[in-house]
Structures are given as structure tokens and as C-alpha cells.
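S.K.: Here are the chains, one letter per residue:
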Amino acid sequence: MKKVLKIITGGVLAVVLFAEPAMLMAQDATSAKNSNTINAMEVCSQAQQDVQSDINKTLWLAIGFFGGILGIAAAYIVEPSPPASRLLGKSPEYVATYTDCYKDAGKKIQANAAIKGCVIGALVYAVTYGCCVLLNVGVAGAGAAAASQQ
Amino acid sequence: MLRIRNMIFYFLFSFWLSGTFTKFYASSISHDTVSGSFYKCQKGAMSYVVEKPINQIITYSYDTMIVYYPKRKKAFKIKSQEDVLQKNNSFTDLKSYINNLRNAGYIFLKKQKKGDTITSYWSHEKQKIILKLAYDQKGRIYEVNVKTEGGKYLYTMKAEDYITLQDSVFFPKKLITTTQNDTEIFVFDSISIVPFDSLPSFIKNPVIPDNASVQLKGFSEQ
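Residue numbers (this note's numbering), protein chains in the order written: chain A, 1 to 150; chain B, 151 to 372.
Source of the hints: derived by calculation from the structure; they are not laboratory data. None of the values given here were measured: they were computed from a predicted structure. Backbone N, C-alpha and C define an ideal beta-carbon position, used for all residues, glycine too. Any given hint might turn out to be false.
[To be verified] If you want the footprint, here are the derived chain B segments under chain A, 3+ residues with CB under 8 Å:
1. 218-226
2. 277-285
3. 323-333
[To be verified] Pairwise CB distance ranges (calculated):
4. V127(A) <-> I257(B): 24 to 32 Å
5. T128(A) <-> D360(B): 54 to 62 Å
6. D100(A) <-> T267(B): 20 to 28 Å
7. P220(B) <-> A73(A): 35 to 43 Å
8. A74(A) <-> S318(B): 36 to 44 Å
9. I69(A) <-> I257(B): 25 to 33 Å
10. L259(B) <-> S148(A): 56 to 64 Å
11. A73(A) <-> I343(B): 27 to 35 Å
12. V127(A) <-> L315(B): 57 to 65 Å
[To be verified] Within a straight-line C-alpha distance of at most 30 Å, the following computed DSBU-like cross-link-like pairs (lysine-lysine) qualify:
13. K107(A) <-> K323(B)
14. K107(A) <-> K261(B)
15. K103(A) <-> K302(B)
16. K276(B) <-> K103(A)
17. K224(B) <-> K116(A)
18. K276(B) <-> K108(A)
19. K221(B) <-> K103(A)
20. K116(A) <-> K276(B)
21. K263(B) <-> K297(B)
22. K107(A) <-> K263(B)
23. K57(A) <-> K302(B)
24. K57(A) <-> K221(B)
Kindly generate the complete structure, drawing on both the sequences and the hints.
M.R.: Spelled out as C-alpha cells, the structure:
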């Protein structure tokens with residue numbers, strides 16, 4: 001009985017002595033891993049929030065208005081980049097996620113503004129063209145009426 | 151070839167400022183305090199060597215921002231358009247700042263003088279922006295305020311506690327940038343003019359070592 005107890009105690013001690021450092025090492029590795037991992041969703045929403053205030057929507061509206069389809073294409077091609085101060089002290093994982101989300105969200109905002117500008121431009125053009133046509137028709141009608149009276 | 155020309159230009163025609171910095175946010179607790187050293191060419195963008203919370207170097211090479219992690223052998227090359235409005239780039243040199251404004255399409259509107267402070271107003275026709283620039287007679291910029299023509303506030307940059315390094319070479323000890331989202335504060339210390347030779351090698355010549363993995367952002371992968 002004493003022998004069995006000795007074996008059990010020895011076994012437990014061995015497990016405690018050898019397993020604890022291994023467990024501690026595993027814990028260290030996990031915490032190190034956690035400190036490197038980032039909440040991609042959080043980082044992405046931060047980038048989207050930042051780019052919202054950084055991008056000049058009026059400029060892209062004007063580009064869409066005057067540039068039309070070319071303006072919209074430019075909005076998709078030109079990639080906004082985050083300022084250096086936003087990336088200071090951030091991990092590579094953060095920089096990668098933040099930059100990608102910033103560029104994607106920025107392009108969408110630019111494109112939306114350019115599309116709005118393009119639509120407004122097209123409407124203005126259509127209204128102006130319509131007015132010109134109506135004016136011409138009116139002038140031509142008046143001319144024809146005057147000619148028929150003569 | 152361009153790199154050599156650039157280095158010669160930096161070496162011959164401009165001086166470098168260096169010092170330590172601490173960056174933190176006033177209103178947000180989710181951001182870490184960042185500290186390290188900065189290097190600024192008289193007419194160029196600011197480069198940073200971050201020591202805490204992570205070892206990192208941020209520098210510029212033409213239209214590219216390089217973010218390099220020496221210990222982790224990782225780097226990012228991010229295509230970057232240096233915007234004249236990108237806050238803390240040319241605030242140390244009023245002439246450069248005004249030249250940058252003109253080159254970027256800003257039109258001078260008016261100038262007001264009140265005591266020692268001169269306030270000039272600029273507008274950008276395409277961007278529909280009104281920029282207010284406040285400086286003193288020595289050319290020290292104190293405030294840059296940017297609003298849309300509709301009155302929507304974009305950002306304010308305030309420079310405080312200037313120190314004089316040389317005749318007409320000034321540097322603020324505090325830079326506060328307020329955007330719609332947050333207030334970012336830079337505190338600079340141990341500021342001095344340094345010779346080109348004493349700069350860290352990566353700042354002098356920002357070339358990513360061959361053994362580092364590089365991720366391109368905004369460039370077509372080759």
C-alpha cells in the first residue's frame with residue numbers, strides 16, 4: 001500500500017515539476033500570440049471611420065460632375081493612403097489590416113461621391129439640353145408663324 | 151539615379167532636425183502612447199523611429215511611405231500622396247508651407263494683422279476648402295484651421311512652445327491636431343540640428359534589406 005502511495009505521489013510530483021514549466025511556456029506563447037493578434041473588425045471599423053473624415057467628398061463630387069465616367073474611373077483608381085501618424089507604434093498585422101480597409105473604404109467613398117457628381121452633371125446637362133431644344137422649337141415655331149402670316 | 155540626386159540635395163541644401171517624440175490621444179483611451187525619435191529634413195516629411203510599444207521605422211521615399219519592422223524583418227511599402235494638408239509635414243518652414251499651398255492650387259484670399267499675429271486665408275476652388283493660417287512675424291506657424299466652404303470643420307493643427315535652434319529655425323515642442331474623430335498630441339523633446347552623417351542608416355537611405363519580407367500596398371504586385 002505504501003509502495004503504491006509512493007508511486008502515485010512520485011508521479012504527481014513529476015507531473016507538477018515537469019508539466020508546470022511546460023504549461024507556463026504554453027501560457028507565455030498564448031499571451032504573446034494574443035498581444036500580436038488584433039481585432040480585425042475593430043481595426044477595420046476604425047479605418048472606415050477615419051477615412052470618412054479624411055476624404056474630401058466635395059472634391060470627388062466635382063470630379064464626377066465635370067469628369068463624368070472618367071471621374072468615376074479615377075475614383076476607383078486613385079487609392080487614398082493613411083497618414084503616417086495613424087500607423088505609428090502599430091503592429092504589422094494592424095498596419096496591413098488598417099491600410100487595406102482604409103484604401104477600400106476610401107475608394108468606395110470617392111466612387112460614391114463621383115457617381116453622385118456624375119448623375120447631377122448628367123441631370124444638369126439633360127435639363128439644359130431640354131431647355132435649349134424647347135427654346136429652339138419655340139423660336140422655330142414663332143418663325144414659322146411669322147412666315148405664314150406674311 | 152534619382153535616389154543619389156535626392157541624397158545630394160538633402161546633403162548640400164538642407165539640414166536635419168532630430169529629437170524624441172511622444173504621441174498620445176486626448177480623448178481616446180484605446181490607443182497606446184507611442185514614443186521614439188524623429189528625423190526631419192528641412193523641406194521634407196517627418197521620419198520616425200519608434201521604440202515603444204513596438205520597434206518600427208516610418209520614412210518616405212518619393213511617393214512611397216515605408217513602414218519597416220527591423221526586429222521582425224517585415225516591411226510595408228505604401229503608395230502615398232503627400233498632401234500639403236497632411237498636418238505635421240512642413241509646419242516648421244512658413245515659406246515652404248505657403249509654397250506648398252500655392253503648388254497644391256490654393257489661392258490667397260486676404261491677410262489680417264492683429265498684434266504680433268498674422269492670419270492669412272486661403273481657398274481651394276476645386277476642393278471648396280477655406281484654410282486659415284496663423285503665424286507670427288518670425289514665421290512661426292501657430293495654427294492651421296481647415297473648413298469646407300459650407301462651414302464643415304475638417305481639422306485644426308496647433309503648434310505650441312516653440313524653441314529657437316538657429317536664426318529663423320524654429321521647432322514647436324507640442325503639436326495638437328484635432329479632427330472630427332479625435333485629438334492627437336505630439337510632444338517633442340531634445341530637439342537639435344544634426345549633421346547628415348549622424349542620421350541612422352535607414353533614414354539616410356531607406357532601402358529595405360533583402361532578408362525582410364515586403365508587402366506592397368497600392369502598388370501592382372510584380
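S.K.: Are the hints correct? Go through all of them and say.
M.R.: Hint check results:
| no. | hint | verdict |
| --- | --- | --- |
| 1 | 218-226 | holds (count 4) |
| 2 | 277-285 | holds (count 3) |
| 3 | 323-333 | holds (count 4) |
| 4 | V127(A) <-> I257(B): 24 to 32 Å | 30 Å, holds |
| 5 | T128(A) <-> D360(B): 54 to 62 Å | 60 Å, holds |
| 6 | D100(A) <-> T267(B): 20 to 28 Å | 43 Å, violated |
| 7 | P220(B) <-> A73(A): 35 to 43 Å | 39 Å, holds |
| 8 | A74(A) <-> S318(B): 36 to 44 Å | 40 Å, holds |
| 9 | I69(A) <-> I257(B): 25 to 33 Å | 29 Å, holds |
| 10 | L259(B) <-> S148(A): 56 to 64 Å | 58 Å, holds |
| 11 | A73(A) <-> I343(B): 27 to 35 Å | 46 Å, violated |
| 12 | V127(A) <-> L315(B): 57 to 65 Å | 60 Å, holds |
| 13 | K107(A) <-> K323(B) | 36 Å, violated |
| 14 | K107(A) <-> K261(B) | 36 Å, violated |
| 15 | K103(A) <-> K302(B) | 23 Å, holds |
| 16 | K276(B) <-> K103(A) | 22 Å, holds |
| 17 | K224(B) <-> K116(A) | 40 Å, violated |
| 18 | K276(B) <-> K108(A) | 20 Å, holds |
| 19 | K221(B) <-> K103(A) | 27 Å, holds |
| 20 | K116(A) <-> K276(B) | 16 Å, holds |
| 21 | K263(B) <-> K297(B) | 21 Å, holds |
| 22 | K107(A) <-> K263(B) | 41 Å, violated |
| 23 | K57(A) <-> K302(B) | 12 Å, holds |
| 24 | K57(A) <-> K221(B) | 39 Å, violated |
Hint compliance for this structure: hints 6, 11, 13, 14, 17, 22, 24 are broken, all remaining hints hold.
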